[in-house]
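Chemist: Chains as they are written, first to last, in the working numbering: chain C, 1 to 282; chain G, 1 to 318; chain F, 1 to 279.
Everything labelled a hint here was simulated from the structure, so no lab data went into it. These numbers were taken from a predicted model, which means no experiment stands behind them.
Examples of chain C residues lying across from chain G (beta carbon under 8 Å, computed):
{"hint": "1", "residue": "Gln-100"}
{"hint": "2", "residue": "Asp-174"}
{"hint": "3", "residue": "Phe-198"}
All residues carry an ideal CB built from backbone N, CA and C; glycine is no exception.
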Amino acid sequence: MPCAAVLAAAAGLAAFAARRDARSPAGAPGPPRLVSLHDVPTEILVALGAADRLVGVAEPVDLPEDVTRVLACIPCVAGAEATLARRPDVVLGMGVVAEQDPDFVAALRREGVEVFLPDPATVEDLLGLVREVAARAAVPGHGEALVAQVRAEVGPEGAPPPDPLRIFVYDCGDPPFTAGGRTVLTDLIRRAGGRNVFEDLATDWSHVSWEAAIARAPELVVIHSYAYKGQGDAGDKRRTLSRFPSLGRLPVLVMPLRLSLGGIGSLEGLRRLRAAIKEHAR
Amino acid sequence: MKTWRLVTCLVVLGFLLGVLGLAAGPSGWRSPWEAAGDLFSGDEVVARLRAPRVTLAAILGASLALAGSLMQVLLRNDLADPYVLGLSGGASLGAVTSLALWPGLPPGPAAAAGAAGAAVVVRGVARGAHDPARLLLAGVAVGSLLASATGLVLVLAPADRVLRSATFWLFGGLGTPLWPALGIPAVLLAGCVGWGLVRAERLDRLTLGDDLAAALGVDVPGLRREALVVAVLLTACAVAVGGLVGFVGLVAPHVGRQLAGAPHRGLIPVAVGIGALLVVVADTVARTAFAPREVPVGLLTAAVGGPFFLWLLQRGRR
Amino acid sequence: MTPVAPAALTMNRSVATRPVIEAGSLAVGRGGRAVLEGVDLAVMAGERLGIVGRNGSGKTTLLRVLAGLDRPLAGEVRWGGGRLPRGPSRPSTLGVLFQGEVPSHFTVRELVTLGLGLDGPPTAADERLVDAAIARFGLAHLVGRACATLSGGEQQRAALARALVASPGALLLDEPTTHLDPVHRAALLGELDRLRGSVAVVLATHDLECAATCDRVALLGAGRIAALGPPTEALVPDVLAGALGVRVRRIHDPAGGPPLLRVLGLVGPPAGAEKVPVA
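Make a model of the complete structure from these sequences and hints.
Modeler: So this is what it looks like as structure tokens:
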């Protein structure tokens, strides 16, 4: 990809600049310098009260206002050169960052920057992620406190109900893109007392066929809404579903993407799922 | 005579494979009789899911085959395919931009607009459609420019989901349309096949070269213009309903030539039929082989059609 | 400029006096720049006219304008007194044989059928014309073969059949003998001899031996027709030296036929001079 080549070249230039600029020497006192390239770690850092560790942040896609307010004075970064120019010790992101631009991540690693790109698949992974981020921000105590708070809110994982409500997650597209077994959303649905009809798929997110979705007889559809740039798209997605009578007549829960990507928003997602499952229980 | 026999064979084969497409699906196999009954009783799975999908696959394959045949004549190049004039780049940029901005909407219309826009730019850069070499070069240049713009959008796009949806679409993700949505592609295909049959002998002469065609009474600039418009319309429409499905548009015309000979009066119906069959079979595999997951049909057209094509090449070498 | 009508009258063979192609005050060139100007030419039915000149003298350009492929910069070309017809009646007016025709996927029969310029499937009468052309050029055993698999000579015969199947009044050939071995060259000239008296043949060539077989020769030089007349007048040392800048000796063949032309060298400054001056 030519743009990747451009980025790599830019990274090279930046590296040259950074070397002359000399990063803070290892072991030097002072708080760690963090750059976050994804909403999930950004939100966790804010929740940990460690936003002051952020020396750069990718433009927030969809975060609550109280979080974006805290980020207002942190410079936005995009691309290898801007990221390296912030002289970070650690760059935080999610797996999708490497998927989207592997050369960028490779360029950062070449410069000796630690790049942390987790892919949480369960609520337990999320707790681990909170601890990891807290450790990198040098606030482990805050991490444990936040973990305890999340645990309290999620509650213990009780025995599953004998016949949980069957839920189909419609993310987008035709054929539909849906959550497989290895997603925080599937775990949230289980903890809320439901069952993702595609939880047997040994993958995170995947395209499935409408026919398979209908054959699994879902009772509730969770529509993922992409709320960024003010474009609520749940309406379009409902229209797509209505092409198929046995899906179109089902009750719908609209979940903003933020609530099921595996970050702090998961707590709000769990609350909404619990309420919807309770409402539509047989 | 030979052509009629071939077309009859293709129609019968198409009917059988179509029924197979209705009978097979990720929720289980139904007997062909059962499937046919379900089609007319309005059963949701057969009548609303499988039947429009099989029809769409057939229209898509047929459109790509015809567009590919025309591009091969226009560019006087056996390696030309429907996307060669920067159309794939334009379609990708349109689709990816649409997915990034309006993820709830299908990317098809924007992709079709992108493809048509790329064709207009290429034609402008090449100063008309008369010089195959210049058209081809302009197509490659504009295409790579658009491809890098697509890559840039993919990298800069905000949503985690754009990447995967775009990848799926770029490899030819067929959706499941409502019946009325098939109207425009079907009418367009029928019109273009009709145009091709009316112009068949002129297209034959055009393959002999522009000068010879003109000496044999063909209005070369007019025919080139028409053929370019028809090929771009077909490709844009195919892109709108099925993303980028490779291999079909490149190979169906060659298979058609092997079976029916070079004259377009026989080549067009046979190539169109081959294209339709190929995509119907590939789509049936795409829906069922990895059920409940679905894979983009474009990944399978080469896998399904490649061995047949190789066998045909071997046989043709004598 | 040699007057056209007297030259036509001096032809040594009996031909009709009706011109098939007439060019009046023609200027031709590429990209708006004239290569040839003031071309007045009449090609009579059944005659063979050679257009001879150096590379770049405008032979091919003139031929393309005559064939209606390029527009003249000035003047006009009339075919049988009118414009060159469009559509299917064009191949029955003129046949062409160009350099570097790409062998196609078509079979010989399909190629010859294309020569009729039909806009639909051939009728029974069309099929008979095709059969006749195939028989005439000895292609009957090759009808089902793809053109791309034929030998060079077979390809040329197929192309001739394609060019003549619609019985045009004129045949235009661009450098027909350039890449041919002696056998194929003789065969081609033999085919052309069979057209004498029925089909007007215009051939652009720099092959003086081939030009000597023509009824008349138009010598191109210095951006105009430098000489126009029968080979006995146009292909003589003085004229050739003036138009082409070559020294030529005519050698009479005791066995008869047109005189042989041996090129001795360049006129004027010795070889290696920047530009060959034209007298």
